Each structure stands twice: as C-alpha cells, then as structure tokens.
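There are 2 protein chains.
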Amino acid sequence: MDISVMRTAGGTEPADLAIINGRVVNVYTGEMSEGGIATRGDKIAAVGDVAYTIGDDTEIIDAGGKYLVPGFIDGHIHPESSNLAMRPFAQILLQHGTTVVMTDLHEVGVVGGLEAIEAVLDEVADTDLKIYFVVPSHVPFSPDLETSGGLFDPEIIRKALARPDAIGLSECVCTYILSEYHELLESMRDTLDRRLTLHGHLPGMSGPELNKCLAAGLSTDHESFSGEDALERLRAGCHVQLREGSIASNLKDCLMPLIDRGLDLSRVSVITDDLDTIDAVERGHLDADVRLLLSLGLGFVDAIRMVTLNPARAFNLDQEIGGLAPGRRADINIVSGPEDFRVEKVIAAGRLVAENGIFLKPYPVVAHKEILTDTMKLRDPVTADSLRITVDNSAKFARVHVIQTLDWIPVSEERTAVLRVEDGVIQPDLEQDVLYVAQVERYGKNGNIGKAFMGGFHMKRGAIASSVGHDNHNIIVLGTNHPDMVVAVNRVVELGGGQVAVDGGIVLDELAYPILGLLSDLPAEELAERKRRLNGTIAKLGSTIPLTFMFLSFMSLAAGGGYAITDHGLIDSANQKIVDPVISLEY
Amino acid sequence: MDISVMRTAGGTEPADLAIINGRVVNVYTGEMSEGGIATRGDKIAAVGDVAYTIGDDTEIIDAGGKYLVPGFIDGHIHPESSNLAMRPFAQILLQHGTTVVMTDLHEVGVVGGLEAIEAVLDEVADTDLKIYFVVPSHVPFSPDLETSGGLFDPEIIRKALARPDAIGLSECVCTYILSEYHELLESMRDTLDRRLTLHGHLPGMSGPELNKCLAAGLSTDHESFSGEDALERLRAGCHVQLREGSIASNLKDCLMPLIDRGLDLSRVSVITDDLDTIDAVERGHLDADVRLLLSLGLGFVDAIRMVTLNPARAFNLDQEIGGLAPGRRADINIVSGPEDFRVEKVIAAGRLVAENGIFLKPYPVVAHKEILTDTMKLRDPVTADSLRITVDNSAKFARVHVIQTLDWIPVSEERTAVLRVEDGVIQPDLEQDVLYVAQVERYGKNGNIGKAFMGGFHMKRGAIASSVGHDNHNIIVLGTNHPDMVVAVNRVVELGGGQVAVDGGIVLDELAYPILGLLSDLPAEELAERKRRLNGTIAKLGSTIPLTFMFLSFMSLAAGGGYAITDHGLIDSANQKIVDPVISLEY
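So the sequence lines, in the order shown, correspond to chains Z and R. Under the working numbering, the first residue of the first sequence carries the number 1, and numbering increases by one thereafter. Under the working numbering, the first residue of the second sequence carries the number 1, and numbering increases by one thereafter.
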C-alpha cells in the first residue's frame with residue numbers, strides 16, 4: 001500500500017507517468033477498450049480515462065492506438081540456465097516484455113546456499129525486474145550421492161520462507177513425495193502454514209501417484225509432456241505450467257487438446273523452466289510464446305492471460321501483478337496487435353526501460369560479493385592418475401556401464417559396453433562412442449572425483465569441462481583422453497569457473513563463469529555469440545549434440561532417472577545408489 | 001497436509017467414504033463426467049474412477065447418477081443477522097449445501113471483542129461448517145459517536161490476524177480509506193504484510209474514489225447495487241461479490257449486464273451479507289441462488305462456480321476449498337440437474353450431514369462461555385424520565401430532526417417535523433408518523449441514553465425494543481409513549497437480551513437472545529416461527545415495515561449516511577457529529 005498511489009488514483013496528486021491513446025487489454029473482463037494508464041512510483045493508479053491524473057510534470061507516452069497489456073510473468077524459470085548474471089539476465093528479459101519472474105535460484109543455492117541466493121537477490125533488487133522467490137525445497141537433492149556447496153534443510157527453508165519476497169516452495173519432487181520423505185514433507189507443511197504455495201515437479205506422474213502428490217497440496221506442476229499429462233493435472237485441480245524452453249518445449253502438444261475440448265484455461269500458464277541465452281537473444285522469451293499461442297488459434301486476450309493473470313493467480317499474487325488495475329505493479333507492455341505481435345515499449349515498475357527491443361539504459365556491472373566469486377576450491381589440481389579407472393593389471397577387457405544421453409532431451413539411459421584394458425587402465429572406445437566422464441568436487445569439502453563412461457556425444461578428439469552440472473555443480477569433464485581432461489579441468493579452476501574445450505593439451509576456446517562457476521557478466525548478446533563460438537569449437541571435436549554443455553550439465557543429475565555421474569561416482573538414479581562402473585573383467 | 005489422505009490418494013490405504021455412480025462437475029475444466037469421489041478424514045483423496053480406493057470398511061454412497069458439485073461457499077455473511085447461535089446457524093446452512101463461510105463475526109466483536117469471537121469460533125469448531133475468519137477492521141466504527149462492548153484497534157487486529165483461521169481484513173470502509181484514516185491503513189498494511197486479503201465495503205464508489213479505494217489493495221467488494229457498479233469494479237480488477245440476501249438483493253440487476261456482455265465471470269461470486277432465519281428456512285441459502293442464476297440463463301458449471309471456485313479464489317483458498325480434487329476439503333453436494341436444481345445430499349468434511357433438507361444428527365446445544373451470556377449491564381433500570389426529550393417549559397411547539405427510514409432498504413434519510421410540547425416534553429405525532437426512538441447503553445460503561453425522533457415505521461400503539469442495533473448493539477427502543485418504552489427496555493434486560501413488543505404496559509410478545517444479546521439457541525425452524533409471530537404482533541401495533549426489527553437495527557448505524565440514533569444521541573452520519581434533535585422552539 002502506497003499513499004501516494006492512492007492519492008493519484010483519487011485525483012488529488014498528479015501521476016508520474018500517463019500512457020494515453022492506447023487500447024487497454026483487460027485481462028479481468030476479457031474486454032479491449034480505448035484508454036490509457038496512469039502510474040505513480042512503481043504502481044498503476046488508474047486505467048481508462050486518466051486525464052484527471054495528469055499534472056504539469058506528468059510524463060506522457062502516446063501509445064498511438066497500440067495495445068496496452070500487462071507485463072509478462074514467467075512463473076517458473078531458472079535464471080542460471082542462461083549463464084547470465086542477474087543484471088544482464090534482467091535486461092534481456094525486460095527487453096522482451098517480461099517484468100516478473102518466479103524463481104528458486106536453485107543453482108545459486110546449490111553452490112552457495114541461502115547466503116548466496118540473498119546476495120543474488122540483492123543484485124537484482126535495484127533493477128526493474130521483479131523477482132518472487134520460491135524457496136528451494138531441498139539442497140542437495142541427493143545428499144548421499146553428491147556433494148554440494150550449499151544446504152537447504154527444513155530449518156534453513158523456514159528462514160527463507162520468512163523473507164517478504166518468498167512466495168512458496170519450489171520443485172517438490174514426486175519421488176520424494178511418494179516416498180513421504182520427512183524433510184520435504186516438513187518443509188511443505190511449513191509453507192502451507194504460512195499460506196504460501198507449493199510447486200510440484202511431477203514428470204511421468206499419473207493416476208494414484210499423481211493423486212498422492214496433489215493431495216499433498218501442490219498448486220502447480222511444470223512437467224507436462226503431452227496433452228494427456230496436462231489434461232489429467234488440470235482436471236485434478238492443478239495449475240498447469242506449460243513449458244516452452246530451451247531444454248523442453250511441450251507447449252503445443254500439451255495445449256492443443258485443451259483448446260480442442262474448449263476447457264477453461266484460467267489455470268494454465270506458459271513458462272520456460274530453462275532459457276538459454278542464445279534462445280533468448282534469437283527467439284525471445286514470453287513474447288515469442290504469445291506469438292506461438294496466437295498461431296495455435298488462441299484468442300488475443302486468452303493468449304495474453306497465459307503470461308500475465310494466469311501465472312499471477314497460480315501464486316495468489318493477482319492483487320500485485322498480472323493485470324492493468326489500480327494498485328498493481330506498473331508493468332505495461334505497449335504491443336502491436338494479434339496479427340503481428342511485437343513488444344514495442346516496455347514499462348516496468350513505472351519506468352520505460354525498453355523500446356523496439358533496445359534496452360534504454362543498460363545496467364552497469366555490479367561488484368559481486370565474495371561468496372559469489374570464490375567458489376572453485378579444489379583441494380589439489382587434478383592429474384591424469386586421479387581421473388583413471390583402473391582394474392586388475394592382467395585384465396584384457398572390461399564390461400562397463402555407459403551413461404547414454406538421448407539426443408533430443410538431456411535425459412540419460414544406461415547401456416553396457418566392452419572396453420579394452422591396457423596396463424590396468426580401461427580405455428575409451430570412439431568406435432562404440434564410449435568416452436571418459438568424471439566429476440570433480442569443487443567446494444573443498446572432500447576432494448572427491450567420480451569416474452564413469454559416457455555415450456551419446458560422439459566426440460572424437462580432446463576434452464571439455466564445465467563447472468555447470470545439475471544438481472551439484474561440481475566440475476564435470478568429458479573426454480577422449482586423460483591429458484586433455486586434466487588441462488580442461490584445471491583451466492576451469494583457473495577461470496574461477498566456466499566452460500573449456502581442449503585438444504592436444506591446448507585450450508581451444510573457453511567461457512568464464514566467475515560468478516558461482518555458473519554465470520557471466522557479459523551482456524546477453526555477447527554471451528550468446530561466445531556460446532555459439534564455443535559450440536562450434538565443440539562440434540569440431542566431433543560432438544553431435546548442438547547444445548553439448550547444456551546436455552552435459554544434466555548428466556550429473558542424481559535425482560533423475562537413468563544413470564548419472566557425480567563426485568561420488570556412477571549413480572543409478574532410479575535406485576538412488578552408487579554403482580561400480582565396471583561390471584566384469586575378461587582375462 | 002495429511003499423510004493418511006495422501007496414502008488413500010496413492011492407493012495404499014482405503015478410503016473412509018466413496019461416492020460412486022455420480023456425474024462429477026469439474027469447476028476447474030468446466031467438464032462434467034461420470035465418476036465418483038473418495039474421501040479420507042475430512043479431505044478428498046481421489047476423483048473419477050475411485051474403485052482403487054475402496055476397502056472392506058469403506059462406506060459407499062451411491063449417487064444414482066446425480067451430479068456431484070463442491071460444497072457451497074458464502075464469501076461474505078454476518079451470521080449474527082440470523083439471530084441463530086453458531087450451532088443452529090451451521091445446521092441450517094449445511095442443510096442447504098453451504099459448507100464454508102467467510103465471516104468477520106463483527107457483531108460478536110462489537111459486543112465482546114476478540115475474546116467473544118474466539119469463544120464463538122470455538123463453538124463452531126466441532127460442527128461440520130468451516131469458518132474462515134476475516135478480521136473486523138474497526139470496532140467501534142465511530143468511537144466518538146457510540147459506545148461498544150468490544151474493541152478492535154490495530155494491536156488487537158494484529159493479534160487476530162495471527163490466528164491460523166484468519167484470512168483477511170473485513171469491511172474496509174470507503175469513507176475511512178478516502179480520508180486515509182491512519183488506524184485502518186495500518187491494519188490494512190499489516191494484513192498485506194501477512195499476504196492475506198483486504199475486503200472492501202464500497203457503496204456508491206465510482207471513478208477516482210473507487211480507484212483510490214482499490215489502489216489501497218482491496219481484493220473484493222460486496223456493495224454493487226447495479227450493473228454499472230459491478231462492471232466498473234470488475235474492470236478495475238476487483239472481485240465482485242454480488243449480494244442476494246435478506247436486506248439487499250442485487251444479484252440480477254448486477255449480473256445481467258455482465259452476462260449480456262459475455263464477460264469473464266471467474267471474479268464474480270454470490271454472497272448474502274445478511275441472511276434472516278425466516279429467509280433461510282423459507283427460501284434457502286446459496287442453493288436458492290444457484291436456482292436464480294440458472295433462471296438468468298447462466299450455464300450449470302458457471303452457476304456452480306459462483307458459489308464454489310470463484311469465492312475460494314477471491315480469498316486465495318482454492319487449494320483448500322471450492323473444487324473436487326485431491327487434497328481439498330471433502331465438501332460435496334449431491335444435486336439434481338440444472339432443470340430442477342435441489343441439494344439432495346450434503347457431505348461436509350467427509351461426513352454425510354444432510355439428506356433431502358433434513359439434518360441427520362442435530363448438534364446439541366453447547367454451554368456458552370460467560371463472556372457470551374453476561375452482556376446486559378445497565379447501570380440502572382430505565383425510567384420514563386430518562387427517555388423524555390424536554391425543552392423550555394413554556395414552549396408550545398418544537399421543530400425537530402426526524403430519522404426517516406426508507407421502506408425498502410434500512411437506510412435512513414432526515415426530515416423535519418413540528419411537534420407539540422406539553423409541560424416541556426416534546427410529544428410524538430402519529431398523524432405525522434413521528435415516534436420516539438432512543439438507545440440505551442448496555443455495557444455498563446457510561447449509562448448513556450441517546451434520544452431522538454423516528455419516522456417510517458408508522459406504529460400506532462405501544463413500543464418495541466431490541467438489543468440488536470448496528471454497529472454498537474446497545475438497546476434500541478421505538479415507541480408511541482414512554483411508559484411502554486420503559487417496560488420494553490427493562491424486559492429486554494431481564495431476558496439477557498432480545499426483542500420485545502409492549503402495549504399498554506403488557507409484554508405482548510418477546511424473543512430472547514441471551515447470547516450476546518444477539519443470538520438464540522433455538523433451531524432455525526423454531527426461531528423462524530417465533531420471528532414470524534413477533535412480526536405479526538408488531539404489525540398489529542401498526543408497523544408497516546415487514547421486517548421491523550431488522551430495519552430498526554440499522555437505525556443506529558453511525559457509519560452510514562443519513563441520521564442515526566446511538567447512545568450518544570442523534571447522529572448526523574454524513575458529517576460524523578452529534579446534533580441536537582431539537583432545531584427550534586415556538587412559544
């Protein structure tokens with residue numbers, strides 16, 4: 001509540017800004033009508049005929065008959081997937097009309113815990129992007145199977161939930177709900193006790209399993225892959241977040257059956273989950289999704305609602321955001337019509353921040369707190385010896401487990417292969433597409449190195465390493481030989497975090513992520529260019545996966561299905577246990 | 001969150017109750033489909049095919065192909081207007097399919113403060129009606145113009161907001177918002193800080209005044225009297241509660257323009273505000289409103305939503321109530337179809353409580369706490385002298401202010417009249433329809449008696465008195481002569497509160513409200529019969545207002561427009577001041 005906004009609304013004090021001559025899209029009634037919007041500070045004071053709010057010093061924007069729609073809201077996004085620091089992240093989203101995101105900053109939490117998340121939230125606080133914090137439900141996800149820097153247990157979660165910007169609990173994972181994992185249930189109860197919302201991560205759930213998860217009180221789920229998934233969740237009272245992101249894009253498949261049946265869509269929204277910077281620069285964000293929605297035949301107001309009012313409602317925030325009405329955050333996009341949908345002007349928190357895709361006053365780079373930059377704490381430099389998988393000296397062959405990535409989604413399966421053994425060291429086999437993979441603990445906690453075999457990337461030469469690896473963000477390294485892997489890992493450490501491609505002992509290309517080993521201060525356009533270059537370099541090493549590092553980063557996901565590599569070793573995720581990569585030896 | 005419900009949902013433990021062979025009305029998608037509902041404890045575990053939840057001890061209800069809809073929710077009701085104690089109140093509502101109400105228990109608070117409200121909430125806690133508590137925003141409304149028993153200031157409101165059943169702040173009155181009354185704004189801020197909701201009382205607000213009120217953060221308003229009112233509020237992002245109650249019934253007028261324009265109705269619900277027991281018994285509650293909605297041409301699911309999902313959403317409670325889905329409160333009505341809509345069975349919190357309008361196991365009368373029963377604390381019995389308005393002995397006539405009630409809504413206007421003076425005492429004038437009215441303070445705080453003149457009721461004989469009078473609930477007495485008024489007031493005191501009709505010094509009829517001076521333990525049907533009898537008695541005294549006591553109870557409303565009578569005297573409500581009822585004398 002802001003008295004000055006009330007006074008402008010009441011007509012006794014002038015507006016700071018008045019947008020006139022627009023067509024107001026009313027997401028509440030579904031109407032569109034000529035009018036304007038008056039703002040005071042960061043809030044909307046009046047909508048419609050706002051002449052009464054205009055004073056001598058009121059800034060005027062003439063919308064020229066264009067449509068006025070609420071700023072867009074992404075109800076589930078991990079900013080870290082962009083590898084952008086929060087300020088360039090805010091900037092690229094605002095350029096595309098997104099003014100609010102809900103995020104758990106889970107990856108920041110994995111590396112640096114709540115303290116690091118709070119430092120990151122401070123960095124974004126004086127930008128024009130509004131972040132609502134959805135508290136991570138569990139870090140590390142698999143405490144017995146991986147080492148993380150940060151920790152979220154029920155006590156820390158309670159502390160985080162008490163923040164004024166905390167609005168819920170994120171990624172309540174189905175497997176833990178089904179197993180009634182006591183720590184998760186405790187945090188879920190704490191969240192409901194505060195009248196905040198629970199957000200599910202329910203891939204593959206259906207029938208009684210889905211019912212059990214939803215009976216626990218989840219408000220949303222973002223893991224629909226098909227129309228059947230979406231339909232079952234919607235019918236069961238779950239707000240469905242349809243994903244159109246860089247890793248998974250299921251919007252069309254999920255939505256068409258709902259449209260075809262003429263269902264109420266007020267409990268459906270569009271989210272990205274993960275948005276790569278290349279996609280953000282080349283395709284856009286929710287503005288591109290509105291174009292997609294319109295192309296699917298959705299009405300203009302319905303399409304706008306899916307990225308405004310609907311996500312606001314899913315978080316019980318529709319008094320604050322998601323519509324054009326007195327008291328709401330002054331997030332307003334001036335857009336062209338449904339035929340050729342483009343965001344032309346972006347007003348965030350009452351300030352004109354972008355015009356025709358140009359960000360008007362780029363944010364200066366901020367000085368980061370030490371907890372965000374001092375995160376590469378290897379006990380010792382890595383050596384070839386430390387990466388080798390050795391067996392009985394006299395063995396000739398080894399049958400091994402191979403982690404195998406699918407080529408369209410970063411999900412792993414398991415296969416087996418028979419590899420040659422030389423002097424007790426198991427050899428890779430490029431013919432069979434079996435490479436070395438390892439994960440090196442980087443928080444200075446135990447010096448663990450997990451080692452296994454990897455398929456699906458088809459690299460023929462060199463090695464690549466990265467300090468981005470879900471859900472622990474240790475250093476993951478993939479290679480055809482140990483010397484290149486050593487160079488790659490040690491260069492990542494020298495960079496303070498980042499991604500590196502090595503061949504013949506030479507660093508071919510690299511990208512520094514000195515913030516948490518995850519993020520760069522480069523502007524989005526420049527980072528996208530550097531990412532494209534790095535991807536090109538990796539392609540020359542033979543990788544057939546276009547987003548090699550993105551896929552590789554999910555190969556350490558111990559909470560997924562299939563197999564994974566963590567600093568603890570090869571993980572059988574489905575059974576949540578560590579397994580020896582070597583099945584048997586032949587002599 | 002309830003582990004046992006999760007286990008039933010997950011199929012590992014049996015349901016307590018399974019309703020089979022129904023047609024499930026899905027308020028989320030808008031679909032209707034064959035299926036059932038399984039419950040465990042007080043919650044829904046599964047919907048649709050629930051065969052997997054049925055065990056040996058699961059109770060089965062065969063819906064016989066009838067429709068299954070969520071229990072009804074009244075988002076704004078003052079139970080005290082029924083004059084029923086909470087248990088018979090719960091019973092009559094449940095009989096009609098209402099399983100949840102949002103209420104501020106404002107009148108209880110006026111008499112006994114938060115302590116009395118908490119005692120009342122305790123009384124209802126072990127019934128099957130769910131009450132969400134919307135904290136009164138201000139008691140007394142006009143501290144300088146009336147005496148109340150209870151007090152709600154920002155500190156007490158903070159304490160009340162901390163209750164787990166508190167979901168918002170009630171009756172945020174427009175005049176106080178417009179004047180930026182600091183205590184109200186402080187409590188509104190406290191409410192928003194807890195992420196709870198603000199509920200407006202905005203009669204007559206439009207344009208900048210409405211904008212100012214809504215900019216303060218109000219979620220709802222229940223004071224639309226016309227389609228224009230409803231339309232303007234809806235467009236401005238306000239959830240509109242349309243009223244169909246015993247005092248004001250504006251549902252049709254307000255709704256038709258919204259239907260005709262084809263607007264989104266998800267932010268519209270139906271409430272009663274005040275429901276007299278006679279209406280509840282004769283007409284019903286929200287079940288009757290669903291019939292009205294259907295008669296207006298609304299679709300079946302849309303009509304059901306207006307008394308289920310929509311009010312749940314207005315309070316951010318749609319994860320708890322308002323739909324048939326896993327985890328929701330097991331409030332289920334088995335109803336006939338849209339053609340001949342009747343509630344046939346009512347399941348509340350998982351228990352079958354009513355069948356074909358019969359309440360299966362009536363609640364026994366509860367022993368009330370002393371704070372609820374010891375509320376008639378007059379310092380001295382009233383005498384004729386204490387009720388007289390005296391002037392200069394030699395005056396012949398007096399020009400006076402007359403409080404004049406409208407005959408269709410209990411709202412007062414002011415008129416003047418010239419009355420005879422006899423021996424210094426101003427006389428009533430039945431020809432001009434000017435009666436005596438007075439209000440006697442009953443909390444033992446100051447012994448105040450306010451005196452004035454009243455028109456509009458047309459009584460010709462006797463006197464009536466009542467301990468029900470908004471917003472202070474002192475004893476209000478209306479009469480043609482002082483001796484009958486004295487008998488009436490003192491009899492109300494003897495009853496420990498109630499309503500009395502007197503003629504010629506004889507009590508003709510009476511109704512005891514020994515709980516707070518407001519409520520009776522009689523069952524609804526019996527209280528309705530007694531009320532009808534009392535109304536008949538009053539009609540014989542000449543009153544032309546059918547609900548005389550209901551109208552009289554609003555004549556002490558110092559926060560309304562027009563004039564009012566309180567224990568402080570005649571109140572000019574619009575100017576919030578006490579005025580002398582005597583304008584001038586003639587000699």
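Please note that a few of the clues may not be correct.
Not everything, but these chain Z residues come out facing chain R in the computed CB check (under 7 Å) [claimed, not checked]: (1) V5; (2) G10; (3) R189; (4) G204; (5) S206; (6) P208; (7) L263; (8) A325; (9) G357; (10) F359; (11) L360.
Now the in silico label distances, taken between C-beta atoms and shown as ranges [what the hints assert, rightly or not]: (12) R:L406 / Z:D122: 45 to 51 Å; (13) Z:G41 / R:I409: 37 to 43 Å; (14) R:D193 / Z:D126: 20 to 26 Å; (15) R:S295 / Z:D49: 54 to 60 Å; (16) Z:R342 / R:D193: 55 to 61 Å; (17) Z:M256 / R:S295: 35 to 41 Å; (18) R:G299 / Z:M256: 44 to 50 Å; (19) R:D193 / Z:N356: 37 to 43 Å; (20) R:R261 / Z:D260: 43 to 49 Å.
Covered, in the sense of this in silico footprint (three residues per stretch, anywhere, with C-beta under 8 Å from a C-beta of chain Z), are these stretches of chain R [said to hold, decoys possible]: (21) 518-529; (22) 533-540.
Derived by calculation from the structure, the hints in this document are not laboratory data. Just so it is clear, the structure is predicted and the values come from calculations on it, not from any experiment. Ideal Cβ placement from N, Cα and C applies to all residues, glycine included.
Hints versus structure:
Below 7 Å, beta-carbon pairs count as interface contacts, and V5 (chain Z) has one with chain R at about 5 Å; its hint therefore holds. The beta carbon of G10 (chain Z) comes within 3 Å of a beta carbon in chain R, closer than 7 Å, and the hint placing it at the interface holds. The interface hint given for R189 (chain Z) is met, as the beta carbon of that residue sits about 5 Å from the closest beta carbon of chain R, less than 7 Å. At about 15 Å, the closest approach between the beta carbon of G204 (chain Z) and any beta carbon in chain R exceeds 7 Å, and the interface hint on this residue is violated.
The interface hint given for S206 (chain Z) is violated, since its Cβ lies 12 Å from the closest Cβ of chain R, which is over the 7 Å cut-off. Interface restraint check for P208 (chain Z): the shortest CB-CB distance to chain R comes to about 4 Å, inside 7 Å, so the restraint holds. Given the 7 Å rule on beta carbons, the hint for L263 (chain Z) holds: about 4 Å separates it from the nearest Cβ of chain R. A distance limit of 7 Å between C-beta atoms decides the matter here; for A325 (chain Z) the minimum to chain R is near 3 Å, and the interface restraint holds.
The interface hint given for G357 (chain Z) is violated, since its Cβ lies 29 Å from the closest Cβ of chain R, which is over the 7 Å cut-off. Below 7 Å, beta-carbon pairs count as interface contacts, and F359 (chain Z) has none with chain R, the closest being about 29 Å; its hint is therefore violated. With a least beta-carbon distance of about 27 Å to chain R, the hint placing L360 (chain Z) at the interface is violated under the 7 Å criterion. Restraint check, L406 (chain R) to D122 (chain Z): a C-beta distance of roughly 59 Å breaks the suggested window 45 to 51 Å.
Against the hinted window of 37 to 43 Å, the Cβ-Cβ separation of G41 (chain Z) and I409 (chain R) comes to about 40 Å, which satisfies the hint. Taking the beta carbon of each, D193 (chain R) and D126 (chain Z) are about 22 Å apart, inside 20 to 26 Å as hinted. Taking the beta carbon of each, S295 (chain R) and D49 (chain Z) are about 36 Å apart, not inside 54 to 60 Å as hinted. Hint check: R342 (chain Z) to D193 (chain R), Cβ distance near 39 Å, so the stated range 55 to 61 Å is violated.
Evaluation of the 35 to 41 Å hint for M256 (chain Z) and S295 (chain R) yields a pass: the beta carbon distance comes to about 36 Å. Take G299 (chain R) and M256 (chain Z): their Cβ atoms lie about 24 Å apart, and the range 44 to 50 Å is violated. Under the hint 37 to 43 Å, the C-beta atoms of D193 (chain R) and N356 (chain Z), about 39 Å apart, fit the expected range. Between R261 (chain R) and D260 (chain Z) the beta carbon distance is about 26 Å. The supplied range of 43 to 49 Å is therefore violated.
Given as covered by chain Z, the stretch 518-529 of chain R fails the check, having 0 residues with a CB less than 8 Å from a CB of that chain where 3 are the minimum. Against chain Z, the stretch 533-540 of chain R contributes 0 residues with a C-beta closer than 8 Å to a partner C-beta. That does not satisfy the three-residue criterion, and the hint is violated.
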